[in-house]
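**Q** Throw the hints in and build the complete structure from the sequences for me.
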Amino acid sequence: MTDIAIVSYAQAPMVRDAGCANEVELIMPVINEALQACGLARTDIDFVCSGSADYLQGAPFAFVAGVDALGAFPPIKESHVEMDAAWALYECYLKMLAGDIDSALIYGFGKSSPGNLPEVLSLQLDPYYLQPLCPDSVSLAALQARAMLDAGRCTREQMNEVVINSRRQAQKNPRAQLRKPVSQEQLQAEVDWIAPLKKSDCCPISDGASALVICRESQAREMGLPYARVVGMDHRIESHMLGFRDLTDSPSARNAAKSAGLHNNIEAAELHAPFSHQEILLRQSLGLSENVDINPSGGALAGNVMMAAGLDRIGSMAAAILRGDYKFGLAHATSGPCLQQNLVTILEAA
Amino acid sequence: MANHAAVIGVGQVKYQTQRDDVSIAGLVREAAQNALDDAQLEWSDIDAVVIGKAPDMFEGHMMPELYLADALCATNKPILRVHTAGSVGGSTAIVAASHVQSGVFERVLTVAYEKQSESNAMWALSSKQPFATHLNAGAGGFFAPLIREYIQRSNAPAEVGMQVAVKDRLHALRNPLAHLHMPDIDLATVEASPMLWEPLRFLESCPSSDGACAMIIGSERAAAASPKKPAWIRGTAMRSEPTNFAGREQVNPQAGIDCAKDVYRQAGIQNPRKDLDTAEIYVPFSWYEPMWLENLGFCDIGEGWKLTLEGATSLPEGGDIPWNCSGGVLSTNPIGASGMIRFAEAAQQVRGLAGDYQVEGTQLALGHAYGGGAQFFSMWVVGAEKQ
Numbered sequence: 001m002t003d004i005a006i007v008s009y010a011q012a013p014m015v016r017d018a019g020c021a022n023e024v025e026l027i028m029p030v031i032n033e034a035l036q037a038c039g040l041a042r043t044d045i046d047f048v049c050s051g052s053a054d055y056l057q058g059a060p061f062a063f064v065a066g067v068d069a070l071g072a073f074p075p076i077k078e079s080h081v082e083m084d085a086a087w088a089l090y091e092c093y094l095k096m097l098a099g100d101i102d103s104a105l106i107y108g109f110g111k112s113s114p115g116n117l118p119e120v121l122s123l124q125l126d127p128y129y130l131q132p133l134c135p136d137s138v139s140l141a142a143l144q145a146r147a148m149l150d151a152g153r154c155t156r157e158q159m160n161e162v163v164i165n166s167r168r169q170a171q172k173n174p175r176a177q178l179r180k181p182v183s184q185e186q187l188q189a190e191v192d193w194i195a196p197l198k199k200s201d202c203c204p205i206s207d208g209a210s211a212l213v214i215c216r217e218s219q220a221r222e223m224g225l226p227y228a229r230v231v232g233m234d235h236r237i238e239s240h241m242l243g244f245r246d247l248t249d250s251p252s253a254r255n256a257a258k259s260a261g262l263h264n265n266i267e268a269a270e271l272h273a274p275f276s277h278q279e280i281l282l283r284q285s286l287g288l289s290e291n292v293d294i295n296p297s298g299g300a301l302a303g304n305v306m307m308a309a310g311l312d313r314i315g316s317m318a319a320a321i322l323r324g325d326y327k328f329g330l331a332h333a334t335s336g337p338c339l340q341q342n343l344v345t346i347l348e349a350a
Numbered sequence: 001m002a003n004h005a006a007v008i009g010v011g012q013v014k015y016q017t018q019r020d021d022v023s024i025a026g027l028v029r030e031a032a033q034n035a036l037d038d039a040q041l042e043w044s045d046i047d048a049v050v051i052g053k054a055p056d057m058f059e060g061h062m063m064p065e066l067y068l069a070d071a072l073c074a075t076n077k078p079i080l081r082v083h084t085a086g087s088v089g090g091s092t093a094i095v096a097a098s099h100v101q102s103g104v105f106e107r108v109l110t111v112a113y114e115k116q117s118e119s120n121a122m123w124a125l126s127s128k129q130p131f132a133t134h135l136n137a138g139a140g141g142f143f144a145p146l147i148r149e150y151i152q153r154s155n156a157p158a159e160v161g162m163q164v165a166v167k168d169r170l171h172a173l174r175n176p177l178a179h180l181h182m183p184d185i186d187l188a189t190v191e192a193s194p195m196l197w198e199p200l201r202f203l204e205s206c207p208s209s210d211g212a213c214a215m216i217i218g219s220e221r222a223a224a225a226s227p228k229k230p231a232w233i234r235g236t237a238m239r240s241e242p243t244n245f246a247g248r249e250q251v252n253p254q255a256g257i258d259c260a261k262d263v264y265r266q267a268g269i270q271n272p273r274k275d276l277d278t279a280e281i282y283v284p285f286s287w288y289e290p291m292w293l294e295n296l297g298f299c300d301i302g303e304g305w306k307l308t309l310e311g312a313t314s315l316p317e318g319g320d321i322p323w324n325c326s327g328g329v330l331s332t333n334p335i336g337a338s339g340m341i342r343f344a345e346a347a348q349q350v351r352g353l354a355g356d357y358q359v360e361g362t363q364l365a366l367g368h369a370y371g372g373g374a375q376f377f378s379m380w381v382v383g384a385e386k387q
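Taken in sequence, the protein lines are chains A and B. First residue of the first sequence? That's 1 in the working numbering, and the numbers climb one at a time after it. First residue of the second sequence? That's 1 in the working numbering, and the numbers climb one at a time after it.
Bear in mind the hints are in silico, worked out from the structure with no lab data behind them. Just so it is clear, the structure is predicted and the values come from calculations on it, not from any experiment. Misleading hints may appear alongside valid ones.
Claimed, not checked - Here are some of the chain A residues that sit facing chain B, going by a computed Cβ distance under 10 Å:
no., residue
1, Y90
2, Y128
3, D234
What the hints assert, rightly or not - From chain B, some residues computed to sit far from chain A (all C-beta separations above 10 Å):
no., residue
4, Q18
5, D37
6, W43
7, G60
8, E65
9, G103
10, V104
11, E106
12, Q152
13, K229
14, R239
15, R265
16, C299
17, G319
18, D320
Cβ atoms here follow ideal geometry from the backbone N, Cα and C, with glycine treated the same way.
**A** Below, the structure is given as structure tokens:
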């Protein structure tokens, strides 16, 4: 249990193509919205940390322009991870535990529209043995889905249910990109895209940005701010060699969740599952019961902004707790091919 | 109050233009294994891994923590990747230190690297940014106008830059791992080298290196169990400011001034020139030594070049504040690792393990890194004593 409070979360509408909006134009509105919502000024924030990836825009130092959105003069304490911004939050979490800082602004952004995202993501792979083969991220996920189906860990109908649930939940989320309801019949009639995955099993490609503010519980109480308490956070990685892994299980997510304080009273989980079978896999690996609401925001299948989608899971769960929908929640973020790296945050109502 | 943290192991590799005998993973593992050996630890003793490097385009490999998880024995552990431009090696060490200071981890492995021979850093730095002016000139092209402005303001004589270039290469001769070993270096050689970006000559610029640097950062308990002397982390600081805005002071950036003040305050340093025994400062282009002497408060504004000319920063000349005794960035520059090398070399000085470039009796040392358009700063002060 920590005294870290999530007091604010803002997310830009997730869209397929943000057009000519640059990083600053994507980031600045969500930063301002997140700060305004909690009544903190930029100068009240002790530390800023962001997550982004150069290869999405195709030029080095994508994050440098981000600093322009912060009004970073006088100079600020600031850092950046070339990871999903959920890990930027983790960096802030450690600094809070160390007593270095008492508040932080975390933001993540991704503009995937300029490139071919599944191919860009193949650059994450072993540069000598795997990357030259150019296996795209969807094809790798399809291998995992096939392993799940073959092992009897899920059925085609269950995968469809995941998509149906995502679209149903997304109808309540004005920021979601895919909100059109679908039925079991429609999905059954859909043709394979990269078998066994159909297009509906895959997250859309999204442009967007999100920001989140944390501070000490004592400060949140003094300011009269509603907040969600961070019970714990942890993250783990697995082997990069897909052949070394059991692709139908996620021990890294399970161990991270255990260490973050997973317990039996969790009522809802935001799972960062960019592909439908991965939601089922994560539920099983984390041992979440049938009663746990999954992805009340719609999840990654309703919109997946690279480098922000993991932070979005945490922000969405915090927002749901702030709305009073749940008392105990879990949020999960992932990175890499076939859920290689996983981060889990356990949250609870103040 | 944060828990104490200390450097209990340092590992580097022989820096050179091209390490074609190892893969990226092999290079990174070599440094990490050397750090483990130095700390007399096993891979299983490590609780978490923090890696850092400059832009992914330097190797053409995106988010390398995924691929490096196996080589760094990080499976089923947390691994985090930091990227803060040229300051990243320093920032990575600071993030690793927070892992221990948080009380969550006992021993953290941190590694920074660049294998520049895998691609062309100058090209990667010059690729066109959307919605921005295209400047096809690399880092030297960006910094040369700032250096010209410094020279104009301070009336520094032309040989100052060349003298730094010679001094750091003479220091490098004492460091077997340094990339450049130029036993015959002198002012005439530097002066005769081609002009790249007025006033920077070829030999006033850093090389392009392959290399990796690793450290093990441990808790108070881990330090007590460590066979070699720990370097206690007495202060860490980071500051950022935007690249461009009207009236920005680019020669003597405020972010550097603020960052130094913050880290000095934590370490109880009143007068850096007097209180620090040595410093490893990010000087990728010769003139940045006098510029940073001023920015870091070692002297008054406009006086930095005088310290350089007097030999105050030279180890063989017996200067009172020897800078970059390892040879510095001017002698070794795997970009993403260069900041961590500064931090690690500062630690080696307070551990008394700097070999032929040891500054005798070092109690307090400063490690410094900067990046972007001289806008991202990271610094730490390490000490022989805990506080």
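**Q** Taking the hints in turn, state whether each one holds.
**A** Hints, one by one, checked against the model:
no. : hint : result
1   : Y90  : holds, 7 Å
2   : Y128 : holds, 6 Å
3   : D234 : holds, 7 Å
4   : Q18  : holds, 16 Å
5   : D37  : holds, 24 Å
6   : W43  : holds, 14 Å
7   : G60  : violated, 7 Å
8   : E65  : violated, 7 Å
9   : G103 : violated, 6 Å
10  : V104 : violated, 6 Å
11  : E106 : holds, 14 Å
12  : Q152 : holds, 24 Å
13  : K229 : holds, 24 Å
14  : R239 : violated, 4 Å
15  : R265 : holds, 13 Å
16  : C299 : holds, 22 Å
17  : G319 : holds, 30 Å
18  : D320 : holds, 29 Å
Taken one by one, the earlier hints fail for this structure at numbers 7, 8, 9, 10, 14, listed in ascending order.
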